[in-house]
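Trainee: Position in the sequence shown counted from 1, then plus 31, gives you our numbering.
No wet-lab data here; the hints were simulated from the structure.
The beta carbon of each residue, even a glycine, is placed where N, CA and C say it ideally should be.
One or more hints might be untrue.
[Claimed, not checked] Pair by pair, the computed Cβ-Cβ distance ranges are: (1) S257 <-> D178: 25 to 31 Å; (2) E174 <-> R201: 56 to 62 Å; (3) R278 <-> D99: 49 to 55 Å; (4) E90 <-> D154: 34 to 40 Å; (5) E256 <-> E161: 52 to 58 Å; (6) S140 <-> D99: 32 to 38 Å; (7) E174 <-> D99: 40 to 46 Å; (8) Q155 <-> S239: 41 to 47 Å; (9) N185 <-> E221: 22 to 28 Å; (10) R248 <-> S51: 26 to 32 Å.
[To be verified] Calculated lysine to aspartate or glutamate pairs in the EDC-like style (CA-CA distance at most 20 Å, straight line): (11) K220 <-> D237; (12) K79 <-> D151; (13) K232 <-> D71.
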Amino acid sequence: MLFQEKLIQDVTNTCQVDGSIAAAMMYGSFTKGEGDTHSDVEFYIFVKNHCMDAFDAHEWVMNLFTTDLIFDNEYGTLVAIFSNLVRGEFHFLPQSEMNVIESFKQTGSFPKADQMFIYDDTDQLYERLEDLSGDGPNWKTNEHVNDAFNNFVNLWIFGVNVLKRGEHARSLDILSRIQNEVLKLLRIKENTVERWINATKNLEHDLSEHSYENYRRTTALLDRESLVNAYGHALLLVESLHADLVRNYDLHLHEHTLMKMHTHLND
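Using the sequences and the hints given, assemble the complete structure.
Mentor: So, in structure tokens, the structure goes:
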């Protein structure tokens, strides 16, 4: 048994005997049959309202397994680095905020309810998970495709401008955001939009060899020549994607804008 699987069982057992827990669910790789020895484990734990003030989330997690590090990240999520360097993410919320589950639907597709379910003392969780499971949003729309093209143009010009100024580190940082928009468009083209939000996840398996190679050429080292090449390849790739996708989508971006961007890069 993988450590993560044992940890999931330990969380389940703890919830069942801890009278302060109202409900618990999990999400991520292990709910989709994709978990392995490198995977994180991720949970939402809902604490009974009258217990919330006295509840010690850090102690609760540390009692599961030895941790090397435990802290609340910038999003308010409790992150545990266990002693075997497996990562765990725990969202602890009061029972009154269980309706947050409804908002998950807009982020992607979810498995069947029983794959996310851990524990429930409210008789509300399973129904919420059933509403959540199934297909996610339709990413293959004019709005989403245009957003990806528009964000690409905006970020690309921003990145090239700071590159020309000599801010190579900043330009490299912006390039990573550009790549995310490129990947969204590649996923539209290849119909692998299930991972639209986390566009790099499982990329080596989701994209064709040709598209993956095209994406690889948009990556760069921290030097000017490498950055110029990556920005140039990204623009060429988006030009190609524009020519493909304009057949099926009402695109707002015009080809003459892309041509001007070539000139801008080479000035």
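Trainee: Run every hint past the structure and note whether it holds.
Mentor: Evaluation of the provided hints:
no., hint, in the structure
1, S257 <-> D178: 25 to 31 Å, "holds, 28 Å"
2, E174 <-> R201: 56 to 62 Å, "violated, 30 Å"
3, R278 <-> D99: 49 to 55 Å, "holds, 53 Å"
4, E90 <-> D154: 34 to 40 Å, "violated, 28 Å"
5, E256 <-> E161: 52 to 58 Å, "holds, 54 Å"
6, S140 <-> D99: 32 to 38 Å, "holds, 33 Å"
7, E174 <-> D99: 40 to 46 Å, "holds, 44 Å"
8, Q155 <-> S239: 41 to 47 Å, "holds, 43 Å"
9, N185 <-> E221: 22 to 28 Å, "holds, 24 Å"
10, R248 <-> S51: 26 to 32 Å, "violated, 53 Å"
11, K220 <-> D237, "holds, 12 Å"
12, K79 <-> D151, "holds, 11 Å"
13, K232 <-> D71, "holds, 13 Å"
Going through the hint list in order, the structure does not satisfy hints 2, 4 and 10.
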